[in-house]
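*Asks:* Chains as they are written, first to last, in our numbering: chain Z, 1 to 353; chain W, 1 to 353.
In case anyone wonders, no lab produced these hints; they're calculated from the structure.
Heads up, some of the hints might be wrong.
Anything over 10 angstroms on all C-beta distances counts as not near chain W; from chain Z, calculated [stated by the list, open to error]: (1) 16; (2) 19; (3) 48; (4) 59; (5) 122; (6) 126; (7) 174; (8) 214; (9) 323; (10) 327; (11) 340.
Here are the simulated DSS-like cross-link-like pairs (lysine-lysine), alpha carbons at most 30 angstroms apart as the crow flies [unchecked claim]: (12) Z:4 x Z:57; (13) W:282 x Z:224; (14) W:97 x W:121; (15) Z:74 x Z:123; (16) W:59 x W:330; (17) Z:282 x Z:139; (18) W:282 x Z:282; (19) W:57 x W:97; (20) W:57 x W:85; (21) Z:97 x Z:57; (22) W:224 x Z:74; (23) W:121 x W:340; (24) Z:57 x Z:96; (25) Z:139 x W:282; (26) W:74 x Z:224; (27) W:224 x Z:282; (28) W:121 x W:4; (29) W:330 x W:139; (30) W:97 x W:330; (31) Z:224 x W:224; (32) W:139 x Z:224; (33) Z:97 x Z:59; (34) Z:121 x Z:340; (35) W:97 x W:61; (36) Z:139 x W:224; (37) Z:123 x Z:330; (38) W:85 x W:96; (39) W:139 x Z:282; (40) W:282 x W:139.
All residues carry an ideal CB built from backbone N, CA and C; glycine is no exception.
Chain by chain, the residues run as shown.
Number of protein chains: 2
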Amino acid sequence: MRDKVRIALDAMGGDHGAAVILPGADISLTRHPDIEYLLFGNRAAIDPVLDGLPRLKAKSKVVHTEVAIRMDDKPSQALRYGRWKSSMWLAIDAVKKGEADVVVSAGNTGALMAMARFNLKMKEGIERPAIAALWPTLKGESVVLDVGASIGADEADLINLAVMGGAMARVLFDIDRPTVGLLNIGVEEVKGLEQVREAGRILREGQFSHFDYHGFVEGDDIGKGVVDVVVTEGFAGNIALKTAEGTAHQLASYLRAAMNRTWAARLGYLFARQAFRTLREKMDPRKSNGGVFLGLNGVVIKSHGGSDAEGTAAAIDMGYDMVRYELLTKIGESMTRDLKVGTSALSASGAGS
Amino acid sequence: MRDKVRIALDAMGGDHGAAVILPGADISLTRHPDIEYLLFGNRAAIDPVLDGLPRLKAKSKVVHTEVAIRMDDKPSQALRYGRWKSSMWLAIDAVKKGEADVVVSAGNTGALMAMARFNLKMKEGIERPAIAALWPTLKGESVVLDVGASIGADEADLINLAVMGGAMARVLFDIDRPTVGLLNIGVEEVKGLEQVREAGRILREGQFSHFDYHGFVEGDDIGKGVVDVVVTEGFAGNIALKTAEGTAHQLASYLRAAMNRTWAARLGYLFARQAFRTLREKMDPRKSNGGVFLGLNGVVIKSHGGSDAEGTAAAIDMGYDMVRYELLTKIGESMTRDLKVGTSALSASGAGS
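Chain Z extracted, bound-state conformation (with noise of 0.2 angstroms):
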């Protein structure tokens, strides 16, 4: 057990930079006082914050930049201008360095992938990262992935994200196999993309050791919980977890207007407010927020752009929980048992490369 988790954060990153991202950290310290901050940013943005948060102050070392990659460039560009010196690199480079444990940054989700790849480089057997991220279910939990870090997918990738999401499921949840399902267009075998229909029948016919390989799912199925593990592309992974959010959003605002609409509707929200408080809590989308990027060396956090103080402390919580319980090493050693079956039932087929 580690006597502290040291956390490098991006102070500038998302779309409120230092003035939201200081808060959340100060959220999460009085969580866990165990943590240790290295915060990286523009000391003019940060100090002026950082003053008004004494106990924050005394556990965080500011290293000063003035590059800060932009939330709208490519991520060529912020590689080419930001390399070596912007907050987001330095951040990550921290992770490298051995000087912090886990990198958390609302930057530039592109960017932040080409220079954590680019830096830290991908674990051996994993060509493309996959961001995972924790869905709230009507059981508990489950990790969906990829929710956007790549798009297209073939089988060889979906089968790599069906052993990191098994992996993370599994020491994540304690579950000795978690279940897994491939996101698709209807439970029959016959429909769905072929790169779907290959890697469902590869993951039924190994022998993976690690997790169970449940068939296809719907996108109906997320929510219910069918599974511990969801599989799926980024592109269409992305859009699920947006539409998801979307018509929380959307019903969340319809109860609010039900219970506006008469003085009967209003007095039963005053008795049942308790009640709503707790269901307001179970819809918050801060709640779940932070994505794992998977498949590299080195624990990364993606916190939502738009977050406010309470998201980026939901996120930093993640990072602390993914190295207090050393979720990376155990990951790693799940992973390494299964890409390798993965990767033969693959070249059995002939479908790998």
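Given chain Z, work out where chain W should sit, using these hints.
*Replies:* For chain W alone, coordinates are given in the frame of chain Z:
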């Protein structure tokens, strides 16, 4: 104005068959007394149900066949044994022969699409059909397409979807120039699949006469009603639709649980029960049941396989509206003009084939 709307109903489709489809037809008939039904299917299943629904019986003609398409057959299998003689084929054929104005089926989607294409043929200029869904939003409703008719879409397909969806929204929502958005994983131009980017470029540069191109939208923009028409490839569209349905169920279930937890919440529920009823209606997925097949020479409505009578009635209502307001003709007119714009923009860019 027609004096009646003739609906060809596949009485054998869906998970429940005639026992649910005929009561659904009866509900729709009470709302639209000018409907006349042609019911296709096995008399042994139809007649006992029809005998209990005298009003429906009086407005229906039964066409007996013993062949029904199974829900899990491949389209090719279904075509092999079901062509010329299954309830699904005969219902489509009634539209082809001009004996009915619209066909409604809750059967196997792939088989319905294959038979409709085979028999009705595609409209000139359209290579791949689409299924359009009506999506309830905070502003009203949007057309979302394709939600699963075909998987994989190149830039030409996406532009056809924009033109077809734009035409449908124009007529259905009575808007002169509906706004059209392309579903992508980020609003920045730099992200997303190659074909989505290319389609975005063409839509932005083309002078389409019947819709305005808004730009990229993300999954959470659908429920906000940011655009009248959301265009996406069928795999991602189907996953978005089902994920939204799943999220709505999930939140309804949280709400039920919250309202049952304490006596105060239960009391509050009693006061607000009218508000909850309104909310339940608003969230009722049955009310937006019914996908419209676009791109064919005929109106084909796909009802959800698991629909109950109320859901079936919603799908029949949609078919009714499509005929009553001559949507197909009007959509055809819009399409003819804007498809030409799309085609010339595509060939100018060298992207068409």
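*Asks:* Decide, hint by hint, whether the structure agrees.
*Replies:* Do the hints match the structure? See the list:
no. : hint          : in the structure
1   : 16            : 18 angstroms, holds
2   : 19            : 23 angstroms, holds
3   : 48            : 30 angstroms, holds
4   : 59            : 34 angstroms, holds
5   : 122           : 21 angstroms, holds
6   : 126           : 21 angstroms, holds
7   : 174           : 23 angstroms, holds
8   : 214           : 16 angstroms, holds
9   : 323           : 29 angstroms, holds
10  : 327           : 26 angstroms, holds
11  : 340           : 30 angstroms, holds
12  : Z:4 x Z:57    : 16 angstroms, holds
13  : W:282 x Z:224 : 21 angstroms, holds
14  : W:97 x W:121  : 13 angstroms, holds
15  : Z:74 x Z:123  : 24 angstroms, holds
16  : W:59 x W:330  : 28 angstroms, holds
17  : Z:282 x Z:139 : 13 angstroms, holds
18  : W:282 x Z:282 : 21 angstroms, holds
19  : W:57 x W:97   : 23 angstroms, holds
20  : W:57 x W:85   : 23 angstroms, holds
21  : Z:97 x Z:57   : 23 angstroms, holds
22  : W:224 x Z:74  : 27 angstroms, holds
23  : W:121 x W:340 : 20 angstroms, holds
24  : Z:57 x Z:96   : 24 angstroms, holds
25  : Z:139 x W:282 : 25 angstroms, holds
26  : W:74 x Z:224  : 27 angstroms, holds
27  : W:224 x Z:282 : 21 angstroms, holds
28  : W:121 x W:4   : 25 angstroms, holds
29  : W:330 x W:139 : 24 angstroms, holds
30  : W:97 x W:330  : 21 angstroms, holds
31  : Z:224 x W:224 : 24 angstroms, holds
32  : W:139 x Z:224 : 28 angstroms, holds
33  : Z:97 x Z:59   : 20 angstroms, holds
34  : Z:121 x Z:340 : 20 angstroms, holds
35  : W:97 x W:61   : 16 angstroms, holds
36  : Z:139 x W:224 : 28 angstroms, holds
37  : Z:123 x Z:330 : 13 angstroms, holds
38  : W:85 x W:96   : 15 angstroms, holds
39  : W:139 x Z:282 : 25 angstroms, holds
40  : W:282 x W:139 : 13 angstroms, holds
Checked against the numbered hints above, the structure breaks none of them.
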